[in-house]
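J.: Take these sequences, add in the hints, and give me the full structure.
Heads up: the protein sequence lines correspond to chains A and B, in order. For the first sequence, numbering that gives the first Met the number 0 gives the first residue as 0, with consecutive numbering after it. For the second sequence, numbering that gives the first Met the number 0 gives the first residue as 0, with consecutive numbering after it.
No wet-lab data here; the hints were simulated from the structure. Just so you know, nobody snuck in bad clues.
To spell it out: a stretch of chain A is covered by chain B in this simulated footprint if at least three of its residues, at any positions, have a beta carbon under 8 angstroms from a beta carbon of chain B; those stretches are: (1) 10 to 18; (2) 279 to 291; (3) 707 to 718.
Just so we're clear, the structure is a prediction, and the values are computed from it rather than from any experiment. Glycine included, every Cβ here is placed at the ideal spot set by N, Cα and C.
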Amino acid sequence: MPKDGGIGAPTRRREDVRFLTGTGQYSDDMNVYGQTVAVFARSTVANGVIKSIDTSAAAAMPGVLAVFTGEDFVDVGGNPAGWLINSRDGEPMKEPKRPVLAHGKVRHVGDAYAAVIAETTEQAKDAVEAIEVDIEELPAVVNMKDALSSTNYVHDEIGTNQCFDWGWIEDNRAATDAAIKGAHHVTTLELVNNRLVPNAMEPRCSMAQYNRANDEYTLHTTSQNPHLTRLLISAFVLGIPENKLTVIAPDVGGGFGSKIYHYGEEALVLAAAKKIGRPVKWTSDRTEAFLTDAHGRDHVTTIELALDAEGKFLAFRTETMANVGAYLSNFSTATPTFLHGTLMAGNYTVPNVYVNVKAVFTNTAPVDAYRGAGRPEATFSLERVIDKAAREIGMDPIELRRKNFIKPDQYPFASAAGLEYDSGNYDALMDQMEKVADVAGFEARRKASEKNGKLRGFGVNAYIEACGIAPSNLVGVLGSRVGLYDAATVRVNATGNLSVMVGAHSHGQGHETAFPQVVAEMLGIDPQSIDIVHGDTSKIPFGMGTYGSRSLAVCGSAVVRATEKIINKAKKIAAHMLEASDGDIELTDGVFSVAGTDKSVTFGEVALKAYIPHEFPLEDIEPGLEETAFYDPANFTYPSGAYCCEVEVDPDTGKVSVERMTAVDDFGNVINPMIVTGQVHGGLGQGIGQALLENTTYDENGQLLSASYMDYVMPRADDLPFYTVDHSQGNACTHNPLGVKGCGEAGAIGSPPTVVNAVIDALQSGGKNVTHIDMPMTPHRVWSAMQNA
Amino acid sequence: MTKVSMTINGKQVSGDVEGRTLLASFLREDQRLTGTHIGCDTSQCGACVVHVDGKAVKSCTMFAIEADGAQVATIEGQAAEDGTLNAIQAAFQEHHGLQCGFCTPGMVMSAAALLKENPKPSASEVREYLEGNICRCTGYHNIVKSIMAASGQDVSAIAAE
Chain A
0 MPKDGGIGAP TRRREDVRFL TGTGQYSDDM NVYGQTVAVF ARSTVANGVI
50 KSIDTSAAAA MPGVLAVFTG EDFVDVGGNP AGWLINSRDG EPMKEPKRPV
100 LAHGKVRHVG DAYAAVIAET TEQAKDAVEA IEVDIEELPA VVNMKDALSS
150 TNYVHDEIGT NQCFDWGWIE DNRAATDAAI KGAHHVTTLE LVNNRLVPNA
200 MEPRCSMAQY NRANDEYTLH TTSQNPHLTR LLISAFVLGI PENKLTVIAP
250 DVGGGFGSKI YHYGEEALVL AAAKKIGRPV KWTSDRTEAF LTDAHGRDHV
300 TTIELALDAE GKFLAFRTET MANVGAYLSN FSTATPTFLH GTLMAGNYTV
350 PNVYVNVKAV FTNTAPVDAY RGAGRPEATF SLERVIDKAA REIGMDPIEL
400 RRKNFIKPDQ YPFASAAGLE YDSGNYDALM DQMEKVADVA GFEARRKASE
450 KNGKLRGFGV NAYIEACGIA PSNLVGVLGS RVGLYDAATV RVNATGNLSV
500 MVGAHSHGQG HETAFPQVVA EMLGIDPQSI DIVHGDTSKI PFGMGTYGSR
550 SLAVCGSAVV RATEKIINKA KKIAAHMLEA SDGDIELTDG VFSVAGTDKS
600 VTFGEVALKA YIPHEFPLED IEPGLEETAF YDPANFTYPS GAYCCEVEVD
650 PDTGKVSVER MTAVDDFGNV INPMIVTGQV HGGLGQGIGQ ALLENTTYDE
700 NGQLLSASYM DYVMPRADDL PFYTVDHSQG NACTHNPLGV KGCGEAGAIG
750 SPPTVVNAVI DALQSGGKNV THIDMPMTPH RVWSAMQNA
Chain B
0 MTKVSMTING KQVSGDVEGR TLLASFLRED QRLTGTHIGC DTSQCGACVV
50 HVDGKAVKSC TMFAIEADGA QVATIEGQAA EDGTLNAIQA AFQEHHGLQC
100 GFCTPGMVMS AAALLKENPK PSASEVREYL EGNICRCTGY HNIVKSIMAA
150 SGQDVSAIAA E
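T.: Written out as structure tokens, the structure is:
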């Protein structure tokens, strides 16, 4: 039984109170004296040459304070890609400059080429309309296959639309080819991983202030990682010294990846605030969000699975085209490569894996990590082709997976795709899934659905992902330009309460509740006396932020290390106070005592002593009680799961409804099971959305046809079922102090193939020989597939 | 500019607005009631739901002058004076019905309107009623559960911690 407020307790979230009473402080909720407004002029064509821009009329409009164009930023740096990928021939990837404002050419609809700063939003919008721009429209490059053969280049200076042609692992290629050639059976599947828009409910917003007195800037912005944003602006884009720039991400209304990245709007408001000497705020509207937030997924893939006569997997070979859009967003080159290719052995003992990824520039919005980031793409390809293979060889899909699972005695397990899995038990997950989902009862439910004129299908999936990114030494070798540790400072105040400064940022994940549970458990004190401070570079030592399900595994580990240092020092102080040796001091329930005696002091007394160090042994102990730790993980963490769902398909309309959805995950140890369950729910909602509803559609001219909630189908409450979520089968991570693996993305990784597998099963049960339908499986697509079968 | 007066959360207020000023903007910018959020441009997301004369309204679809003389209730007025959460707010916290919190004010205000009309809604009635409120974080499971719990129904059969 966990302690109330300690590790393992479903503690209710303290942050909820402000969100439930309308007192949260999101970026757009803040207004400061003298604030002005920025509005951007954005391209209405996907590809074009900027022949001229005349801003004189706009600049003369009422309330206008400044107008910027790309010309104003030619001497500053570009927004860089954070990961260098080398092609199979050893050539480095192509890295065209991504400017603050487009200069010379516009490259996607929504590409900003000018910005107006005015007293009010209305004045700025009116002035944007008065900018006279002559853009010569060129044919757009939209389709990836066409882009690779076209001489119409998104970036003329690189002379190709291919960013890189990457092989993983290149040395495995020949063996993989040979295994496929000689196999008893090969299953091939062509599939599309549909392009998605992350759609955090809070649109992006950035507000910059400049203080001329000390040449300091403050940027409030919707970011998942304020230190990373500061680093990019300082080191690459504007060159503002890091010690002169404070980046604050206050309450942030969801991210899902889209708020990891630095965007040009942040640089623009900073430059503008300095130029006009007043604060400048920009708030995205939803259309701008659709046009300019980094999108997700967008892979076109062919995958082959080779099997022997018994159904053992011999090889997976994958060819993928990955859209990177018009410019390289910060993690866009890592997402389709190392976050995707390294997972292409899945949960299986398969000996041969080879992945080829061609990244393609197109005249569309940049594409980058979205919830799952590469792992959903890997899992979708693997688990769809496995399901297809099971049908082709006439084996039960659960049995085929079990036959190839890595077994519990095989850890640590070196996968054929280059990772070392530390722990797991995939059969146990599958057992639990079969139990809690009542798989045995499916046939009866299918018959009941048939009576109602519906086709019922069952789909299953097993996934593994790599989280807790990442060991800096490893990712450095692989091309990462950043380290992926995290940091925490634990400050014990004189009166015994604590401020814990963490590099992870909370924008829905409940860190303000979960992190104190860890510290409270370690110190044996009331969690309510511990506050988490996050999202402000001026208050926190450093941090790489929140993404890749890393907050607890990496930053939480830094919190543990810093708390351990606190305990060590506090024991020294207690030993001094109790006239004992440090080694004899024990900490239990917030009380330091001398082993085997009744002599003790409380944690609060030690804290006070640290700050009122009368009769203090200054030669041995410094005053104060504050410790910082940086934690760099030894390996990735490897959450895994077994998912299943049951769908009903209306044979007359093709409409699919998800009737039951079960997620059984191994997240290692769990700190707050309520929050973990909520994270899985959210991932499932997004994954079912991808499978059935969501699609980002550009026409052949590069116009985004799905740029509003009238056109892009967001999952709503009546599109989704209740879920069954189980994380009872955890196998602790072996290399971080909490034994945690990460839970933020699992639902979005595990659910899409599960839903597709179930729909295929439903159609097959209705006598329709449909082997694949691309997502989203809209009624039209399902109905058409049935008609053509 | 036109002068408007209305009662917001029981308090008489007035201000000068343009004809095009939306009620959402009036609440956020003139009245500094920033709990009402704006999440889209097409009246789809529901983050801006408030009550006008007792009815749930998307405050981005209504001009401030249309609310002249009206009784307006926003998220800021839902808890008791001493900060005690009302039944819906408390249920959202108890059942983890929110994550990032951005859609939450609209969800709570929609839920209040629903429970006024239908004091014991079924799960599917809750889901149908929330058609106009988008949440990207929760997958809706715990929102539906929270609203049913707030209505006094036993939700123990709906799985979760």
